[in-house]
Structure formats: structure tokens, C-alpha cells
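Below, each chain spelled out in residue letters.
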Amino acid sequence: MFTEVLVALLIGGLIFFLVQRSRTQVLKAEDGWWGAGAPPDGGEDATIRPFKVTSSDEELEDLYRRIDQTRPVPSLEDSQFNYGFNSQYLQKVVSYWRNDFDWRRQVDKLNRYPHFRTNIEGIDIHYLHVKPKKVPEGSTAIPLIMVHGWPGSFYEFYGLIPLLTEPSDPQDLVFEVVCPSIPGYGFSEAPHKKGFDSVCAAHVFHKLMKRLGFQKFYAHGGDWGWLVTTNMAQLEPEIVKGLHVNFAPPSKPGLSMTLSIMLGRRFPKMFGFTDMDIQRLYPRMEKLVVEPIKESGYMHIQATKPDTVGRGLNDSPVGLAAYILEKFSTWTSHDFRNLEDGGLTRKFSLDDLLTNVMIYWTSGCIVSSMRFYKENFGKGLYQPHSKMPVYVPTGFACFPDELMHTPKLWVEQKYHKLVTFTAMARGGHFAAMEEPQLMAEDIQNFTKTVEKKK
Amino acid sequence: MQRLHLLKGAFCGLAAFQQQLLIGSAVAAGGILLHMVLKRKQVKSIPLGEGWWGAGKKPLSEDDTIYPFKVQTSDEEIADLHERIDRTRYTDPLEDSCFQYGFNSTYLKTVVSYWRHTFDWKKQVEVLNQYPHFKTKIEGLDVHYVHVRPPHRENQKVVPLMLVHGWPGSFYEFYKMLPLLTENQDGLVFEVICPSIPGYGFSEAPHKQGFDSLAAARIFLTLMERLGFSQFYLQGGDWGSLITTNMAQMKPLCVKGLHLNMFMSTRGIKVMLSLMIGPYLPFLVGFSREDVRRLFPFFEKNVWDILRETGYLHIQATKPDTVGCGVNDSPVGLAAYLLEKFSSWTDLRNRDLVDGGLERKFSLDEVLTIVMIYWTTGSIVSSMRFYKENVKGNPDNRVDAKTGIFVPTGLAAFPGELLHCPKSLAQIRYRNIYSYTFMPRGGHFAAFEEPQLLANDLVQFVKKVEKF
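Residue numbers (the working numbering), protein chains in the order written: chain R, 1 to 454; chain F, 1 to 468.
Hints are computed from structural coordinates only; laboratory data are not their basis.
Mixed in with the good hints, there may be bad ones.
[To be verified] Cβ pair distances, simulated, as ranges:
#1 52(F) to 437(R): 26 to 34 Å
#2 8(R) to 352(F): 53 to 61 Å
#3 348(F) to 272(R): 30 to 38 Å
#4 77(R) to 32(F): 50 to 58 Å
[To be verified] Straight-line Cα separation of at most 25 Å, SDA-like style, residue types lysine to any residue; simulated pairs:
#5 92(R) to 207(F)
#6 193(R) to 37(R)
#7 109(R) to 53(R)
#8 137(F) to 73(R)
#9 52(R) to 1(R)
#10 287(R) to 65(F)
#11 58(F) to 77(R)
#12 402(F) to 53(R)
#13 392(F) to 107(R)
#14 251(F) to 65(F)
#15 379(R) to 355(F)
#16 387(R) to 307(F)
#17 379(R) to 208(F)
#18 193(R) to 92(F)
#19 287(R) to 294(F)
#20 392(F) to 286(R)
#21 294(R) to 58(F)
#22 92(R) to 56(F)
#23 207(R) to 78(R)
#24 256(F) to 227(F)
#25 417(R) to 270(R)
#26 392(F) to 391(R)
#27 208(F) to 207(R)
#28 57(F) to 286(R)
#29 294(R) to 310(F)
[Unchecked claim] Now the stretches of chain R that chain F is said to cover, found in silico as 3 or more residues with beta-carbon under 8 Å:
#30 197 to 210
#31 290 to 301
#32 320 to 328
#33 393 to 402
#34 427 to 438
#35 443 to 450
We put the CB at the ideal spot given by N, CA and C, even for glycine.
Using the sequences and the hints given, assemble the complete structure.
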């Protein structure tokens, strides 16, 4: 009698334990309302309206007048980019902007892909929808949502999109790409209420994909896009077939991560550290504390006083350009801080860089783009989503000059189904814009792996 | 008496060499003790160092004449300002956000409307010029200062005093205090020198890297010397507090007294212990009840609030050229950036007010004059660089952080100041505190907000030192 009860208890306990483990945590989100004032009585307007980027003579004249009225302050002798964007080099960029940059031609380039807007939860969401022209017999295009970050925009993906929708290799998969702007960025309306964080953005984008008729899709993101797509995977793991990211800073230090920081240099094999991992993580104080502090001033002020810091940038195009392009220099490679020209045009063309700046300028969205930092950090560092793992198949592209280096061990801490982890040959934070070919290859590789496994 | 006889007997009983050894050890011990006593009394100072901050190469000789200077403006300057203001592109604030996301855009429009239509810069320039201004070249830079001589000098003790401002302030913050210090007739009156830190307002900005508070301190000491003052008092808050402290550390014999309205202690075991034990047994660590009220709850008041308010410090200490660029083109952007501080640092509760409580303690004319000084001189970028220059390397390891301050010191603790420092913690660095006052009201911009209170405290401190 006694033994039977004991065995029953043991089996019961085992079953309970197994059930607990397999029960995955799901993130919850509620419907929000982000429009001005109170929500209207009637239902939501779910129409999808085609959208074209436009410009006008007044807009350009206003821009040029403000550029001409810039009051430059010379940088200190021999300071290069160590105090921020070098003033002397800024004059050269501005001169190109004023005299050679052709915004109308860039607008035509932007309009090369079809743009749309639709109202979700009270705000107009802008997105690109690129359908492939040719799909191989017997297969369908794979739906993929790509989300940008700050200070980027949907435009960062322009080099990548054709490689995914019209791949040259017949063995490659063909994608149907949706590329939205995060609310408050570019041509997406900014939220009018407080509290619009990455989970809210993820919820809105899920509604978008549903509205476009996608039952399941893949997601790709870097910078904020990484967090928004991760949240999408946490909100509806059944719908997100695969998640591909190139940036994944750990949200909370777990035991294995802490141990690996302390002992990783001595016992790299134990933690799966490669040579590159060692090089990018040590010396610890410098790489994990001092460097991030040197580069996170913008994050600190944007997470606390976005309306103050963004105020002047919305009036001064040159100030805006300096603020945004400094990141395109330093986050592509930290060494660029010691160059007179910040190495800005080594990986990017001025046309592409200025087009991105113009998206922020013409839409006047710099303040709302900065508020996203306060909404995400202001509630405290440990949100429910940061403590929850991700169960969706994930691919991570590890670029050598990314801001925060994450070895495989750390990525696995959060992404429990890490399918591919690729050490990329070159590239920094703006990987999609800097190395579209490499990124496309990795997305192809990842998606093929997931598709095969099914 | 008997014991003495016994000792004398024992001594004489010793062998000769033993007696010598005993005498020798006694002398040695006495000598060591004397040395230790003398060393403790000896005032430590920090080296002056040297520098040159002009453009290009240093010339063989420098012009040290003093030139009178007048603040000027022009119609073009004002028209340009108005035109830029008219072209501001506002962004609506989030509903119900008051000043929590920074300077509220709706209230900003009110301030800017006043600035555009009512504020009279020409009249303010005359206000600025009511005291005589001068410029003189030191270490390659034109240093600007205001020099106020007291009108009634007979039968009075005239005491020289230098007032040093901070960020985002200027010499103008002291204007309301000047009459209170220079026009008394009760026996003690001040002759005031009010400089602008190089890179701020009308002082030329350094062209070379490395211009930190030690360099500013040295330049201001040179200024006092050039003006013929061999001994003087100093008063400062914000950066002014650090610079005047450095001045007292460099030439303690010249600084008769140091008065500060912002001061910090060092880190270290004593501080940590005090902060841990303080809330429970304040008397044990030298905290008064008022100290406890102002310091705790520690995390909320000192850590979270500091984090929330120091974004500007972080970005200015790392990328001053980037963040300063835009605000130098946009007067409204500059106003929002600077005036946010005049709101939050006067009282942190102002963040929950729709108008940031800005006009409760200051008039729009006053704060806009400060903004105009930054605007017309285009000095916002160089003013921000000062943060980076002072944070370079490890500031805790800098020579001035490891050296104490031995000149008579007066500390005025204002309740709205960002970081409260009790006397017991201040004493770790400031070894000669003559007065420590809990001020009844006032925040970070004490001289600007409560000139009478600050002047009173300064005067009582100086009288104590002068044994008046």
C-alpha cells in the first residue's frame, strides 16, 4: 500500500515536471489606442491606401535656406571624431548635400517599390510591400517582415530587398517582403499617447500582417527591429515561422553568461568561445564597460529627455545630419573615431546616407523616434518580455563590428531554438545596408534550414 | 616625587652605552612625533601645471593688456533670431506628459512667443552693460570678466571676491547678488570679479584638447594676479564649485576663503558606511535630521533621480560636438535644452507640471537672457566640451580628487540641490569648514534664484574668517 502511493506520487511528480517544462511561456499584449483623443465610436478603418513619397519645391527651398544658415563651430585641433561628428568634415558632407545631392531622384528611387498606409489602433502605419515578379513552379513566395531600428529606416533594406525577391541563384528561395516603419519613424504616424513600447509595436505589426492576409511568416530585424521581431515571436510563436536577427544584446545576465565572462578567457572551449569572441569580449572592463559607456550617451538622454534633445534637431538639418551620421560612422567600426572623415563613405554612399537623413527631416519624426527609447527603458530594465525565452526557430548573423558582441552561448540563453549561428565575414551595426549580399545569403541559408526541418 | 627618585636611580644605574641608547631612542621618537605633527599641519597643494590654448602655435610673447569690453547687438542679429524662431518645426508632446519627456512643446510655444514678441534684447544688453566688462589674454585665450568696484570705500574693509558660474549658466546668474555684495555700508564690502569660463559666453573657446577645470583654475588665478589681488575669496556652484576648489588647492595661501553652494564628497568606505547606517542611526555617523530628510530614501533620491537627470551629462561627456551642432542653429532647440535644466534642477517636482514651474522662481526675461548669451556667442558646443575634458581618463584618479582642501571653507546646502552632501561627508575633503548652513529654500541655481539667501550666507562666512 505504502509503496504504491509512493510510486504514484513519483509518477505524478514526473508528469507534472515534464508538463511544466514543455509549457512554453507566451507573451500577452492588449489592444491599444494611440491616436489623438478618444477612440471613435465606429469600428476601425481597415482600408489599405497606396502611398507615394512626395517632395516639393518649398520643401527643398526651406531645406537649403536652413543649410545656408548653419552656424558651424570648428572642432578642436586633432580631435577627429572623438568629440562627435567632426565639424570640418561635416562641412564637406553638407556641401555635397546642398549642391550635388538630388532629393527628387532619391524620391523616385524610394518609390520604386510600392508603399502603402493603413490605420491600426488609431495611427497610420506605413509599409513597403514587395511581391516577387517570378515565383518558381510549384512553390509560393515566402512572406518575410523586415523591421528597421534607430537611426535607420525602411530604406536600409533597399539593397537587400531585390536579393530576396529576385534572387539570381535558381536554388534560392523567393520572398515576399513587407517592410514597415515603426510608429514614430519616417512615414508612420507617431503615437499620441504615452507607453508605446516594442511590445505594442509588435502587436501592431501582427495586426498588419493579418490584415495583409498572411497566416504565417518569417521575421528579420536589427537594432530596435531585433526587439520588435523578437516580441512578435514571443506574442504569437505559432505564426512566426522563423526569426532572423543580427543584433541580440542579452536582456538579463544569466548564470552561464556571468560565468563565461569571468572564466571565458581561461577556458574558452568550455563556453564555446571562438578567437573572435575572446578578442571582442576581453579585456572585460574596456570592452564590456568603458566602450559601451563611451557610446551610450545618446541612449541615456533619449531614454530620459527625448523631447528636449530632439527639439533643436528638428529645426537644424545639419544638426540632424551630424547626430544621425555620427552613428553610421562609429557603429560601423569603432576605429573610425580616429579618422578625420570618420570613415563614413568607406561603406556607404553619401546619397544613401543623406536619403536616410532626409526621411527623418521631411517627416519631422526625430522627436517621436527618440521617444521609443524612453518608452522601452522608462518602465525599468526587466520587462516581462525580457525574462521570457524565445521558442521560435532563430537564426543569428554575428557581424564582427556589431556594437554589442554576443557569442553563441549568450544568444542561446534567450533563443532556445537557435537553428543557425553564422560568424559573418565583415560588417557592423547597419549590416543590411552595409553588406546586403552577406545578409541575404544568411537569410537564405537560415530559411532553407527551417523549411527543410519541417 | 618618590617615583622620580626611583627612575633617576635606575637611570644612573645603567651602563654608559645603555644610557646613550635610551637617550638616542627618546630623541628619535620625539623627532618622529614632531615630524608627524608638522606634516599634518602642512597644507598640501596641487601643482599649477601649464597650458596654451590658442589656435596654431604658441607665439613668443603674449599681450597681457586689459581691454574694456561692451556687450553689443545689432539689428541683423535680432532679425536672424526672429527668422529662425518663426521657422521652428514643433512636435506635439504626448498627451499628459508634462515635463517628463523633457521640455514640453506646448509650453515651449508660450515661452517662444514671449521671446519673439515681447523680449527686448537691446534692453537686456543694457542691463548686462550696467557693470563694466573687460577682456584680457591668458594662455592664448581672451578671457572675459565683469569687474565691480564698490562705490563706498571709505571706512570700509574692501574684500576681493571672485564668483564662478557653471553650466548652463553664465556670469549673468550673479547679477542679482552683485548689488547685495558691493553696495553695503556696514563696514564690510566686496570688490567682485565675475569671469566667464573659457568656452562660455564672451570668453574665447579653447582650440586645443584637454582644457579641464585645472586649466580654468590656473587661468583664473593668473587673472586675479594680473588684476593685482594677492589674497581673495572665491564663490562657486556647479562647474564653478570645482574650479574654485581647484584654485584653493593650487594656491592655498592666496585664497582666504572658499564658499560653495554645490559640493561633493569622495567615494570610499566611510561614505558607504555612512550611507548604509545613516537612515537608521544618523547621529552615529554625524548626520543631522535634516541630512536624513534630504538624503534618503537613498536609491530613489540619489540613484534613480540622478540617472533620470544625467542623460545630458553622459552625452556631453562623450559626444559634445554632435549634440551641440543642432542646438547652435536652432534658437528654440537651444532654449528647450537649457531651460529644461532651470526647471528640473530648481525642483525635481517641476517635471510633473505642465509648465515645468519655470516662471515660479525666474522671470522669462532673466532666463532668456542666459539663453541669448549662449545663442549670440555660439558657445554651446564649447561649453559642452568642458564635460568631456573633465571626465577624460578616470576623474577619481586626478590629482585634485586625491588632495584635500585646507583653506577656510563655507558650505551652503540648498534643499533643491541635486545631490545633498552632509557636513560629516564633506569634511573628508574640505578639512577646514568654518560654516555649514542648511538653507531654507532654493535649488541648483542658488545665486539666480535666492540671491539674498546666498549673499547673506557668504557675508556671514567671510565675517567669520575676517573675525569681524
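Against the structure, the hints come out as follows:
no. : hint                         : verdict
1   : 52(F) to 437(R): 26 to 34 Å  : 51 Å, violated
2   : 8(R) to 352(F): 53 to 61 Å   : 60 Å, holds
3   : 348(F) to 272(R): 30 to 38 Å : 47 Å, violated
4   : 77(R) to 32(F): 50 to 58 Å   : 52 Å, holds
5   : 92(R) to 207(F)              : 21 Å, holds
6   : 193(R) to 37(R)              : 9 Å, holds
7   : 109(R) to 53(R)              : 10 Å, holds
8   : 137(F) to 73(R)              : 21 Å, holds
9   : 52(R) to 1(R)                : 78 Å, violated
10  : 287(R) to 65(F)              : 50 Å, violated
11  : 58(F) to 77(R)               : 14 Å, holds
12  : 402(F) to 53(R)              : 60 Å, violated
13  : 392(F) to 107(R)             : 43 Å, violated
14  : 251(F) to 65(F)              : 24 Å, holds
15  : 379(R) to 355(F)             : 24 Å, holds
16  : 387(R) to 307(F)             : 23 Å, holds
17  : 379(R) to 208(F)             : 41 Å, violated
18  : 193(R) to 92(F)              : 11 Å, holds
19  : 287(R) to 294(F)             : 37 Å, violated
20  : 392(F) to 286(R)             : 14 Å, holds
21  : 294(R) to 58(F)              : 32 Å, violated
22  : 92(R) to 56(F)               : 22 Å, holds
23  : 207(R) to 78(R)              : 52 Å, violated
24  : 256(F) to 227(F)             : 17 Å, holds
25  : 417(R) to 270(R)             : 20 Å, holds
26  : 392(F) to 391(R)             : 44 Å, violated
27  : 208(F) to 207(R)             : 55 Å, violated
28  : 57(F) to 286(R)              : 34 Å, violated
29  : 294(R) to 310(F)             : 14 Å, holds
30  : 197 to 210                   : violated (count 0)
31  : 290 to 301                   : holds (count 8)
32  : 320 to 328                   : holds (count 4)
33  : 393 to 402                   : violated (count 0)
34  : 427 to 438                   : violated (count 0)
35  : 443 to 450                   : violated (count 0)
Hints 1, 3, 9, 10, 12, 13, 17, 19, 21, 23, 26, 27, 28, 30, 33, 34 and 35, counting from the list given before, are not met by this structure.
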